[in-house]
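Student: Sequence:
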Amino acid sequence: MLELYENMSSDAADLCGLILKASGIPFRVKKTGRGWGIWVEPRDYLRARHAVEQYFRENRPADSGTDIPEPEQAHGYAGVWAAAFLAVCYGLVAQTASVQSVWEDFGAAAWRIVDGELYRTVTALMLHADTVHLLGNMAGMAIFATAVCHVAGWGTGMLMVLFAGSAGNLVNAFVRQSGHLSIGASTAVFGAIGILSGYQFFRKRHSARQKAAAWLPLGCGLALLGFLGSGAHVDLTAHLFGFLVGIFVGIGYAMARKVIGPPGQWLCLGVVAAALAGSWAAGMWIH
Numbered sequence: 001m002l003e004l005y006e007n008m009s010s011d012a013a014d015l016c017g018l019i020l021k022a023s024g025i026p027f028r029v030k031k032t033g034r035g036w037g038i039w040v041e042p043r044d045y046l047r048a049r050h051a052v053e054q055y056f057r058e059n060r061p062a063d064s065g066t067d068i069p070e071p072e073q074a075h076g077y078a079g080v081w082a083a084a085f086l087a088v089c090y091g092l093v094a095q096t097a098s099v100q101s102v103w104e105d106f107g108a109a110a111w112r113i114v115d116g117e118l119y120r121t122v123t124a125l126m127l128h129a130d131t132v133h134l135l136g137n138m139a140g141m142a143i144f145a146t147a148v149c150h151v152a153g154w155g156t157g158m159l160m161v162l163f164a165g166s167a168g169n170l171v172n173a174f175v176r177q178s179g180h181l182s183i184g185a186s187t188a189v190f191g192a193i194g195i196l197s198g199y200q201f202f203r204k205r206h207s208a209r210q211k212a213a214a215w216l217p218l219g220c221g222l223a224l225l226g227f228l229g230s231g232a233h234v235d236l237t238a239h240l241f242g243f244l245v246g247i248f249v250g251i252g253y254a255m256a257r258k259v260i261g262p263p264g265q266w267l268c269l270g271v272v273a274a275a276l277a278g279s280w281a282a283g284m285w286i287h
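Residues 1 to 287, numbered by this note's numbering, are exactly what the sequence shown covers, in order.
For the record, the hints were derived by calculation from the structure and aren't laboratory data.
All of these numbers come straight from a predicted model, not from anything done at the bench.
Among the clues, some could well be false.
Here are the in silico distance ranges between beta carbons for each label pair [said to hold, decoys possible]:
hint : residue 1 : residue 2 : range
1    : G278      : A87       : 42 to 52 Å
2    : G91       : K21       : 44 to 54 Å
3    : A84       : W285      : 19 to 29 Å
4    : E58       : W111      : 50 to 60 Å
5    : G252      : M1        : 45 to 55 Å
For glycine and all other residues, C-beta sits at the position ideal for the given N, C-alpha and C.
Please model the entire structure based on the sequences and the hints provided.
Tutor: So this is what it looks like as structure tokens:
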């Protein structure tokens, strides 16, 4: 069986169980360390997800009078794996003859990106100046990318984070258009923060009970941007654009709220892998 939802309250699990039972979908409820999980057969996954999603779209907590949150996607520890991947990239780059030349060939050099070397918007996310730089971004990825995957799923979530980070680098390059060179996954980390902020903003704006608090997630995101994204030797504009792109990605996902089952999650993860591999291959071919 596949886990449909995880870490739910008992009330939310009971409600989802009633929805699935009314839809004629077999399911199993299991107690986990942090709550309750709903499990269904692989062949029923998409139908079950659609049934629950449709109910929560049509019967929001503010309308029904019950304080039952919208359930979240099973995600595993995708952000932790992404953080580990950053460490592997750092180790591989450290073994090269000239780390500086790798930064110059694969970093987010604004003038090179504007000239068409778009692969740099992706490869720059995997380069770090030192272990302190790396560890900070690993922590951010483990926390915020995992949170995005909790909302969207492990494949879709990582694709959204990668898109926000690379698009943030792209916008930053066209704004700077100078000898500016930046490296690091922090643009993607702030993209993840933006995704969460935009997603929560849209949800609260469409809840009669929480409209007044809709701006709070955006305010919290900006506070994190100011607290974590500024300082000496920090590319604040890249962080800002990653955050802004992330907001629009999060709102877009909240508006679409499509059902993406395991096959779709694997497809999205495949797109991520192809984008990473293709970007490095493009850079190596050019240089």
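Student: Against the structure shown, which of the earlier numbered hints fail to hold, in ascending order?
Tutor: 1, 5
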